[in-house]
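Mind docking these for me? Both chains are given alone in their own frames, and the hints should help you get the complex.
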Amino acid sequence: MTRVKLLVTCLIDTVYPQVGFSTVALLERLGVTVDVPPNQTCCGQPAFNSGSWDDARAMARHLIDVFGDDDVPVVVPSGSCGDMVIHQAPHLLKDDSQYGPRAAALAARTYELTQFIVDVLGVTDVGARSGDRLTYHPACHGLRGLGVARQPLALLERVEGPPRCPLPEAETCCGFGGLFAVKLSEVSGSLLDRKIANIEASGADTLVATDVSCLMHIAGGLHRKGSAVKVKHLAEVLAEGRSQ
Amino acid sequence: MSTSPATFYERVDKAIGNPALQAAVRNATSRMSSGRDAAIAAFPEMDVMRDHARAIRAHTIARLDHYLREFEASVQRRGGHVHWAATSEEAVAIVVDIARQHGVKTVVKGKSMVSEEIELNPGLALAGVEVLETDLGEYIVQLDDDHPSHIVMPIIHKSRHDVARLFRAKLQATDDEVADAPRMAALARRVLRKGFLQADMGISGGNFGVAATGSVCITTNEGNGRMTTSLPRVHVALMGIERIVPTLDDLGVMLQVLGRSATGQKLTVYSNVMSGPRRHDRNGGREGESDGPEHFHVVLVDNGRSAIVGSELAEILYCIRCGACLNSCPVYQQIGGHAYGSIYPGPVGAVLMPALQGLHTWRDLPQASSLCGACREVCPVRIDIPRMLLELRDKTTELGLTPIWVTFGLTVFRQIATRPALFRRAQALASWATRRLATDGWIKSLPGHMARWSKKRDFPAFAPKTFQQLWEGRKR
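The listed protein sequences derive, respectively, from chains E and U.
-2 is the number of the first residue of the first sequence in the working numbering; add one for each residue after it.
-14 is the number of the first residue of the second sequence in the working numbering; add one for each residue after it.
Calculated from the structure, these hints are not laboratory results.
For glycine and all other residues, C-beta sits at the position ideal for the given N, C-alpha and C.
Hints should not be assumed to be uniformly reliable.
For lysine-lysine, the following DSS-like pairs were computed, each having C-alpha atoms within a straight-line distance of at most 25 Å [to be verified]:
| hint | chain 1 | residue 1 | chain 2 | residue 2 |
| --- | --- | --- | --- | --- |
| 1 | U | Lys(-1) | E | Lys180 |
| 2 | E | Lys227 | U | Lys429 |
| 3 | U | Lys429 | E | Lys222 |
| 4 | E | Lys222 | E | Lys180 |
| 5 | U | Lys380 | E | Lys180 |
| 6 | E | Lys180 | U | Lys429 |
| 7 | U | Lys(-1) | E | Lys222 |
| 8 | E | Lys222 | U | Lys440 |
| 9 | E | Lys91 | U | Lys440 |
| 10 | E | Lys180 | U | Lys450 |
| 11 | U | Lys155 | U | Lys90 |
| 12 | E | Lys227 | U | Lys440 |
| 13 | U | Lys450 | E | Lys227 |
Non-contacting residues of chain U with respect to chain E, defined by C-beta distances greater than 10 Å in every case (computed) [claimed, not checked]:
| hint | residue |
| --- | --- |
| 14 | Gly20 |
| 15 | Gln86 |
| 16 | Ala110 |
Which chain U residues face chain E? A few, computed with CB under 8 Å, are given here [stated by the list, open to error]:
| hint | residue |
| --- | --- |
| 17 | Pro315 |
| 18 | Val316 |
| 19 | Leu375 |
| 20 | Ala415 |
| 21 | Arg437 |
Looking at chain U on its own, in the form it has when it is part of the complex (with noise of 0.2 Å):
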């Protein structure tokens, strides 16, 4: 589903005509990036751990229906319910009936990008539930009617100033209030912490779910993810079907590289690690577990995962969410993640949002990157994003989705290259014309479809002779 009705291309050239959004996203970019660099010069370790993590997300991978099986009865022997949603509609439906089956009026939310792809929180308001988000930036989000724009920091293309003058605005906040950021985050903590504590159930996202003991894991720098788990009577953990770890020294693993890559912490603040709801002891008394839920569901959504599987672009599904490749992005650094219309945007989103839908309505996203491999540089499990980012260009052409002067062009091309001959010809038919269109060497406007090029640069005369010719000459 599209976050805006604009094509990708309007999109991008309002992102990049609007340099207050750029210097919001590549300050934040830049400095989780400079983050990351530090944190992993600090672990001389971590080449191997990322070895070692990519191999685990591959053995799952392969694996996926034998460790979903595994997590399932785990979950279920702790005293929890497992739920399978093929479809962003039945997960939707799926939490609307664990909402009503408890009565559920009020919901407090943990950050889950999962829970924005399927449109979580437009359904349970249709249903007549209250949703409030807990986690700062998607508070702010949804205080905005806004979209996430960054899988891990979901207000990177707002500054302070937009968002005092939202708190202005939605809160009744006082200059005082609105200061700076932390005095806005404590007002933001005063109203999130009445909802924490009057909240029949709370709705969190899944980091990793371990196929050993049935645990979820979310990662949080907040700690309104454990707040979330654990003190409404209901607690529904969202998860995409490829989250799964198999063992908790699995997770420990993720953990170290998740934290690194994504901010630069050596772990995330709060690691929340839950296996079924609160125990109690035999006779119901006080000698069980003093916190925690009365029940304990998790949602797992495949949504389009299942069949990326085995194909060529499995490897997607290896990805921990960490943001790394968002923010290593010269093309994401530039225009944001708006201008991707989708609810993964950067690198992972442009491969994810074909897998999961379809070329059809995302044909764009494969082409929003110069291929500089940047996002393969920093991936903690080594996704090769720029083969897949090919891959997906040439389905797009065997589908006929790639614009015509592209396709058509490149054969010409092809002919003539395939020609030694002709190819000679072309090139001092070329060095002719592109002469002839110069003064003094360059080219200030080019036709056709290059006059894009010759918006921003100038294009050179071809020499009089190639290199091949005057070789040649050399010789005799």
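For reference, chain E alone in the conformation it holds in the complex (with noise of 0.2 Å):
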């Protein structure tokens, strides 16, 4: 039976706690047993992309000692967060003698979502239906920074229902970025618009992504055009089953 660890990060916990159960009812779905290891907080992303890098790597240092030591895999539902882990977390601590080694290996058992499912457990199809017109937003640090770009459309291709609506201008960043979407509000609402006019363009009602940042910021957008879209994160999508 294959463990893993659950890294449920602070916006899917503090936000959005039900796309941590869809992703733990996903993984269950194809039998695999979640831990969640207590005394989760934050990755320490915010603070390393705004150039507080000491406040980043004591969050780091907490979440290394929060996953341990073991070599039971790490799972993440955000491409951001598993960024910030797998490649920004040992950059971090490359010269912290006790923390260096041990970033480096929680990072080398760490997988987003959907690169766990695609790539470890070798699934594409995990049984979902969907009765929602899906468009997928491809979220930039999963994309980019992970280079997870075909697992969550090889996932996404065998949900069954209405077929899926293209997005375009897909790979255009939302304009979300952390603080960048305070500090430069304007730049970053002009880019939310541009996204939000793709997607009532695709004619889909629901707009999939695999980072709840991102979602929140754009969630954010359409509720205050009075849009009809939804959000969900892949994970909500994907745990919706066929029998049920």
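Rendered as structure tokens:
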């Protein structure tokens, strides 16, 4: 039996717990046992991206302590937090004789959710069905940071239901970028307008992505504009089984 | 040197409030990006070629002193002169000196970002030398007393109608002469042709300097580059010290990735490789070369570059100025080049300007990125620009230049996030507060700095219970 540890991410933990439960349900349906190590907080990415690297290091060390030094794979339903754990934390802690090697070891056993399902479990048909007209936004950090491009598409393709709606300019950033959306709110907002115009043009009723941070940003823009389009994390779509 | 007295944020607001500018920049960048994508799709070797190009740049920058000395010796062997400029002031003084030495009254100039960087034109004007820009875009910039807003397409921010208005005002053009783009180009061509034939000196940039042969390579699409460098009796090539490649074979690799990345061309229309002044036969007769300048000068400009070699920002010196990172950058696409306020805008500028001139002047530029990584994806020499933007943000904080609300806020967050019990209490408090502020699950207006978020988007109320709380409950 495959066992994994779930890195739930602070945003899913605090704002979207249902995405965490969908992730667990999906993995359990695929025969995976999911542990949730207690005392998870934040991976430190907000501090890292804003140049507060000492703060980011402290949070990365906490994360390493929480996940321990065994060889149980760590699964994270976010490309952006995944990129932080897999690429940035080892870079941040490279001069730390104690935590540097531990950060590298953790990075080596950490997988973004779709990467784990497709590349490790070797599954693309998870038995999902959706009645929604889905369109997909490949969130930047997963796409370019981790190079996770084909995995979410392969999974989406096998979801039963109405045909997918191609998203124009799909790979253009939605403008979130963490504190970027606050610091350069106008630029971020104009990118959001562009993303929303493309989502509406796609004809979809539901936007899917693998990062709740981008989804929170896009959903906030859709709601402000009174749009009827909903947003869902890919895990929520994949957890909707065919038999249910 | 900033091209604008306004603050970065004022310039950004101005750009965002200008839909015509956004449309012009969006159109041009998306045309360039799709051109690039098509050219690369048609060239399966591109990935290998990019690896090769990167290896050449990395090798050269790591041994830059060696290759610069070799380049200097090779230029001298061909009868040319090499001048070293540590600063922009020195560079301008060198060019002014060369002009005086040769009794130069008029100069034609090809496109050169380094000449913008060192502010050459005002320096030459001060010395009484008349300068005519001959790249069509740069000519328009000069006529309008403007600055380029893109390193390859200087007038990406102007529409055809803007240029027509300008030509009417400055060249007394008739309606017929500005009726369409080809006729406007023809009008400019007539002005420029006169300039080429009269000029005493030509000033070009240098896309690459070849160490083994002492050649300077410039690439243009208008042919103005070869006129600038072959008609006048003096040719001065201005180059950053990082523009060196070891051999002509290496140059071949760079040209293949440059054209495709910049404009989607297999090669730019003109790739001129110039090695020394015109050579005469032994008796000074007609058997020698039939054209080319009598005098060939190369000015190698440091202006902050050597300090970058060996630093964590050294990779930015690999840049071959194709502009693909500008075209692919969603931020550049929304605000255009002038908003950056720097000679080099876009992702490359956001690293290069603080690297060359310091974060005290350019602290805002590394913030002008959502870190989406599009620039890294398209870079022909695979420069990891997001990594360096992050390094620069770290340095900004170290220098005490990051706004206090950001650093203080994150330090408080760190204190909470490294203490799980406190984190849980903070989550409960945030949940309570956001749910109080929200109507139907959404907050329309946030307090403090977060108000900038809620200008354009609603903010969600947090869940009543966290995942970890609910998970504990499920286990019991």
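Which numbered hints fail: Those not satisfied are hints 9, 10.
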